[in-house]
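2 protein chains.
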Amino acid sequence: MTQRYTLTFQPGDVKVPDVPRGESVLRAAMQANIHINASCGGAGSCGKCRIKLLSGEVDSDRSAKIDDDEWSDGTRLACNTRVSSDVAVFVPEASRMGNAAVLERELRGERKGRLLTPAELESLVTGWTLDPVVKKLCMQLTPPSDGDNLNDLARFRKALKDQFGLSSVSVDSIWIRNMPSVLREQDWLVTATVVDTAYGYKAIDLEPGSHCEQDYSVVLDIGTTTVWGQLLDLTCGATLAQASAYNKQISFGEDVITRIVHSQRPGGREQLQQAIVDTVNEIIDELVESTRVDREQITHMVAAGNTTMTCLLVGIDPKYLRMTPYVPPADFIPPVRAVNLGEGLKVGRHVHVYTFPSVASYVGGDIVSGIVGSGIFETEKITLYIDIGTNGEVVIGNREWLIATSCSAGPAFEGGGVRHGMRATDGAVETVRIDPQTLEPTILTISNRPAIGICGSGIIDAVAELLKVGAISQNGRFNTDLDTWRIRETDGANEYVLVEAEYSGLGEDIVINEADIDNLVRAKAAIFAGIMTLLESVALDWADLEQIYVAGGFGKYLRIEEAQAIGLFPEVDVDSFTFVGNGSLLGARLVSFSKDMLKSAEQVALMMTNVELSDNQLFMDRYMAAMFLPHTDMSYFPAMDQVLSGLAAGGR
Amino acid sequence: MTQRYTLTFQPGDVKVPDVPRGESVLRAAMQANIHINASCGGAGSCGKCRIKLLSGEVDSDRSAKIDDDEWSDGTRLACNTRVSSDVAVFVPEASRMGNAAVLERELRGERKGRLLTPAELESLVTGWTLDPVVKKLCMQLTPPSDGDNLNDLARFRKALKDQFGLSSVSVDSIWIRNMPSVLREQDWLVTATVVDTAYGYKAIDLEPGSHCEQDYSVVLDIGTTTVWGQLLDLTCGATLAQASAYNKQISFGEDVITRIVHSQRPGGREQLQQAIVDTVNEIIDELVESTRVDREQITHMVAAGNTTMTCLLVGIDPKYLRMTPYVPPADFIPPVRAVNLGEGLKVGRHVHVYTFPSVASYVGGDIVSGIVGSGIFETEKITLYIDIGTNGEVVIGNREWLIATSCSAGPAFEGGGVRHGMRATDGAVETVRIDPQTLEPTILTISNRPAIGICGSGIIDAVAELLKVGAISQNGRFNTDLDTWRIRETDGANEYVLVEAEYSGLGEDIVINEADIDNLVRAKAAIFAGIMTLLESVALDWADLEQIYVAGGFGKYLRIEEAQAIGLFPEVDVDSFTFVGNGSLLGARLVSFSKDMLKSAEQVALMMTNVELSDNQLFMDRYMAAMFLPHTDMSYFPAMDQVLSGLAAGGR
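Residue numbers (this note's numbering), protein chains in the order written: chain A, 5 to 656; chain B, 5 to 656.
Everything labelled a hint here was simulated from the structure, so no lab data went into it. If you're wondering where the values come from, they're calculated on a predicted model, not measured in any experiment. It is possible that some hints are incorrect.
Identical chains share a label here; the pair holds if one copy fits it or two copies do between them.
With a straight-line Cα cutoff of 25 Å, these simulated BS3-like cross-link-like pairs (lysine-lysine) come out [claimed, not checked]:
(1) K69 with K603
(2) K206 with K603
(3) K323 with K162
(4) K162 with K603
(5) K385 with K603
(6) K599 with K206
(7) K165 with K19
(8) K385 with K323
Start from the sequences, fold in the hints, and give me the full structure.
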């Protein structure tokens with residue numbers, strides 16, 4: 005368990021509890037809505053975030069921006085000062101954003117959605133034990149002799165039965181080819197890899213010697229825009245590493261429809277399959293390189309993806325997914341040999357990829373995986389589950405019933421279709437605050453690296469802040485009358501400079517422009533309308549929801565108040581929100597660890613009812629109404645209504 | 005049913021019953037031991053086999069050797085005159101071999117082993133019905149609609165259950181890839197190929213439209229020297245075509261030991277696998293070309309081979325087969341995908357190859373197949389089963405018990421290791437008689453084509469005849485004192501000219517030399533010794549055998565008296581012998597037609613006990629004793645003893 009401390013800010017005696025050991029003072033402050041100037045994203049280069057240490061122990065780096073006297077006096081940079089006890093700091097006026105009033109205003113929004121620790125995320129689902137569907141069994145066989153010349157295969161089967169009670173185990177002819185030498189290489193000490201199928205146990209691999217302590221799986225969330233992977237240790241249930249990459253299919257189209265269209269061109273389906281295979285191979289490379297795990301010891305793969313992504317991975321023709329009556333090719337696709345996908349995933353020949361079952365053309369295995377991973381299939385509470393990606397998937401229900409839909413949001417939330425967008429990796433601007441007086445921004449980047457782009461939560465933050473300070477109007481157009489150089493026209497289009505070239509890792513200004521804002525508005529409108537349509541289809545209202553789970557690659561960084569400010573969600577109680585991060589990956593992880601969870605996933609898919617939004621007039625109406633910041637119907641957004649009215653009264 | 009007639013030869017009023025319609029007079033005569041001169045193998049070119057038609061109807065070709073007067077007078081060539089009613093013919097003295105006494109002598113040996121018709125061969129095993137393990141099912145599915153948008157795969161599974169009562173059918177991901185368009189191509193009329201596995205039904209292919217009337221299999225006997233294949237029609241149980249080819253592995257060694265040694269060289273195993281795959285592909289090509297069957301409609305393959313051949317086909321390391329304690333890699337090898345063998349067998353991706361289970365390193369699936377195909381596993385009679393090939397396999401037993409062994413005969417019986425040896429196909433000399441006075445030969449070739457070589461039965465005939473006329477001694481050396489140009493020395497070695505270049509399709513003399521005879525002696529000695537060893541191991545004698553089944557590629561042409569004359573078998577009652585032709589192919593055929601027979605094959609493999617001949621001193625003793633023509637112990641060969649004594653008395 006990471007130790008947690010209380011961090012106290014002066015002036016104002018603002019106490020921030022539960023700051024984990026090693027967290028930077030700047031990040032803790034921003035997450036508690038206490039704003040300290042910082043232009044460089046926490047990289048230590050701008051020197052603006054000076055604080056003075058009052059009490060407690062910190063781990064702090066020296067900086068050229070602080071001289072020896074200042075250092076002795078307790079002056080530090082908030083961005084590179086990490087707490088290692090309860091700590092009190094003073095924020096000098098020069099470091100404060102705007103003035104003390106800002107701090108006051110921001111403090112009103114202190115409550116936020118529940119951000120779960122990795123340990124908490126992995127404990128969302130209970131009642132399962134580590135019991136993977138693929139297992140390694142180490143066996144010492146009795147060598148043959150003149151009086152016992154049973155053939156090799158029968159000898160192996162006999163040991164499986166005698167030592168593990170497994171009878172009628174079927175075998176894969178692939179490993180039988182070298183079985184004679186494998187059995188003898190380490191004097192009849194071998195490790196078998198067996199899989200528990202619906203049709204009984206099957207031995208899929210045989211290695212010489214004992215390898216039971218090396219048993220790994222790769223689980224994947226195959227998004228239309230971004231692919232995430234985790235390397236799991238199946239012997240102990242640990243998550244060893246995580247990696248992500250843009251889906252290389254992007255070059256054939258941004259959304260599933262254009263991908264399906266491309267798949268119908270000659271060779272198109274093969275190109276798309278190879279693109280995702282290449283993407284996954286990159287992720288596998290990164291996972292095994294960062295952990296130094298032997299890739300031959302990967303025994304299992306699980307992939308969660310929407311129906312189109314699953315089809316294209318396996319190589320299934322997705323043509324009819326987009327044609328009425330929207331019939332998907334398959335609910336349950338049998339496990340496929342990884343090396344047979346396209347030119348082959350770079351794992352052992354015995355490894356099979358398990359894909360999550362689909363519900364409908366646009367409600368796929370990723371959402372089934374999310375429902376499993378977040379534990380909604382176990383809870384009695386009526387839950388709204390939203391997975392925000394290129395397709396926004398929405399589920400309402402509990403252990404008794406589940407209703408689901410999918411709305412095409414586009415890639416804006418993953419940094420796609422945005423001038424300086426990027427996915428949520430090192431150097432992405434993830435948090436933005438804008439001083440209402442000076443219109444100066446403060447940013448935080450992932451890993452405190454110099455900013456090289458803006459990820460989904462950063463774009464939401466930026467647009468929300470620009471709206472709240474009156475820099476943009478409710479239809480997403482810049483107010484060009486303001487006294488700031490940051491709003492400017494470039495090539496005939498207005499934009500806001502979020503990071504100056506001087507502090508940017510790109511060597512150029514990082515900006516948000518009106519086209520970016522339009523893309524974000526379309527994305528949030530689709531999801532808001534999807535939720536509304538689903539609620540209305542079961543005659544529920546926001547108030548009936550007992551909990552709201554938000555998943556998505558950026559879930560970890562998203563601030564719910566900012567998402568509400570742009571109208572992604574209405575202004576319901578922020579405490580009802582829980583961020584589950586990448587819910588699909590969470591489900592894929594469970595399914596790889598537990599064959600009981602594999603069965604649960606199949607049950608979830610069977611109990612889930614799809615609501616089709618194509619040709620759904622109610623959805624179209626709700627969508628058009630949401631194409632405004634935050635919405636045309638401000639009754640969902642009373643607080644923002646007040647903020648915007650105040651701006652109007654103040655002349656912005 | 006082919007009609008059968010009686011053919012009467014004059015002078016002597018020798019009646020030959022049961023001559024099938026269309027059989028040539030020459031062949032019918034030779035099979036009845038009535039000898040008519042013929043040097044050209046029945047090709048019609050030598051003109052020596054003149055006969056005169058006395059009564060009855062024949063179908064006869066004109067020949068330049070017969071003038072118009074002769075033709076009007078009823079003169080014909082026996083080789084191109086075919087019976088189409090009961091027929092009587094006169095054999096002029098010029099056409100008779102030697103003199104009338106010969107005819108008398110030969111008639112004494114009229115009885116011969118039972119040669120079964122194809123229909124009889126296919127009726128050896130009863131109690132099975134046409135019920136292949138792989139089946140095609142034609143289905144009309146209900147198209148999806150707005151009210152019924154069940155996914156494609158679930159719709160297919162539902163139809164399998166509703167229309168055929170098959171539930172929990174597993175599916176192969178290969179065909180799912182194109183399932184959406186396949187289902188729709190002919191308005192939801194499809195044909196599924198399903199296989200009944202030990203783990204339930206599995207759907208392995210899906211075709212648009214109705215294809216139940218096209219369902220074929222290829223069954224193979226993979227011999228060390230020769231590979232035989234048949235194309236079967238699984239819809240009606242018919243055998244459509246047969247083809248054979250030398251095993252291309254021959255270039256890496258003639259017997260299984262040299263093949264195993266080669267397999268241990270770098271890349272050797274892959275070379276050997278590709279060689280047999282190439283061989284089988286040639287056979288498949290020939291089968292589909294001769295029948296115009298669509299090779300995509302082949303759904304099933306069965307291969308019977310000895311343990312080494314089976315390993316090399318599947319790609320299994322055979323290294324330990326030849327090392328004590330002689331442990332084979334596997335008894336039951338799971339069906340392997342045909343396209344995955346080497347560079348791939350040229351059939352559909354869904355086709356799997358079933359290999360017969362092995363008993364021991366040198367008692368393989370071919371012998372199991374033979375026991376199944378010949379019906380020995382069903383009979384109460386104590387039976388000796390001999391499969392004569394490069395490995396001579398010997399089984400004794402009945403439905404209660406089976407004991408088996410294998411002896412390395414070498415390729416002589418298949419024409420291998422013999423100067424002009426060839427396998428039993430068109431143009432091979434299959435029958436040889438030699439005039440004891442003139443030492444002139446009469447030959448018959450397969451399909452009456454000009455001779456291009458000598459197959460196994462031809463070699464046995466030739467050596468037996470040479471021995472009986474005193475042209476060779478009991479140790480296989482030529483008597484060079486005889487008054488015939490046919491025995492001559494070429495390059496320091498003695499040989500007998502069987503076919504002069506003038507009548508040979510090769511354009512050169514076809515000969516038998518002493519090295520050929522030595523190879524044949526070694527081959528027959530190994531088999532005789534194997535039988536003796538097996539009999540002694542169960543304390544039985546020849547007299548205890550109620551029936552003797554002889555299998556082998558040449559079985560159809562082999563004359564048992566000639567085989568006894570060289571000492572391949574002792575002089576037991578010729579009537580106890582039945583020729584089953586290619587027994588392995590017969591078993592492979594049954595297994596492809598009937599899943600009950602597939603189970604029987606597994607039971608046969610499990611009940612068969614192996615007797616190991618390697619390092620078996622009894623076998624070595626019996627082998628050395630048999631290295632003589634016909635044997636060192638002439639008590640097994642009283643008739644030959646008399647013949648040879650007569651020759652000695654006569655000065656030869």
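Verification of the supplied hints:
| no. | hint | in the structure |
| --- | --- | --- |
| 1 | K69 with K603 | neither (58 Å within a copy, 84 Å between copies) |
| 2 | K206 with K603 | both (18 Å within a copy, 21 Å between copies) |
| 3 | K323 with K162 | between (48 Å within a copy, 22 Å between copies) |
| 4 | K162 with K603 | between (29 Å within a copy, 21 Å between copies) |
| 5 | K385 with K603 | within (22 Å within a copy, 54 Å between copies) |
| 6 | K599 with K206 | both (15 Å within a copy, 22 Å between copies) |
| 7 | K165 with K19 | neither (62 Å within a copy, 66 Å between copies) |
| 8 | K385 with K323 | neither (38 Å within a copy, 63 Å between copies) |
Comparing the model with each numbered hint stated earlier shows that hints 1, 7, 8 do not hold.
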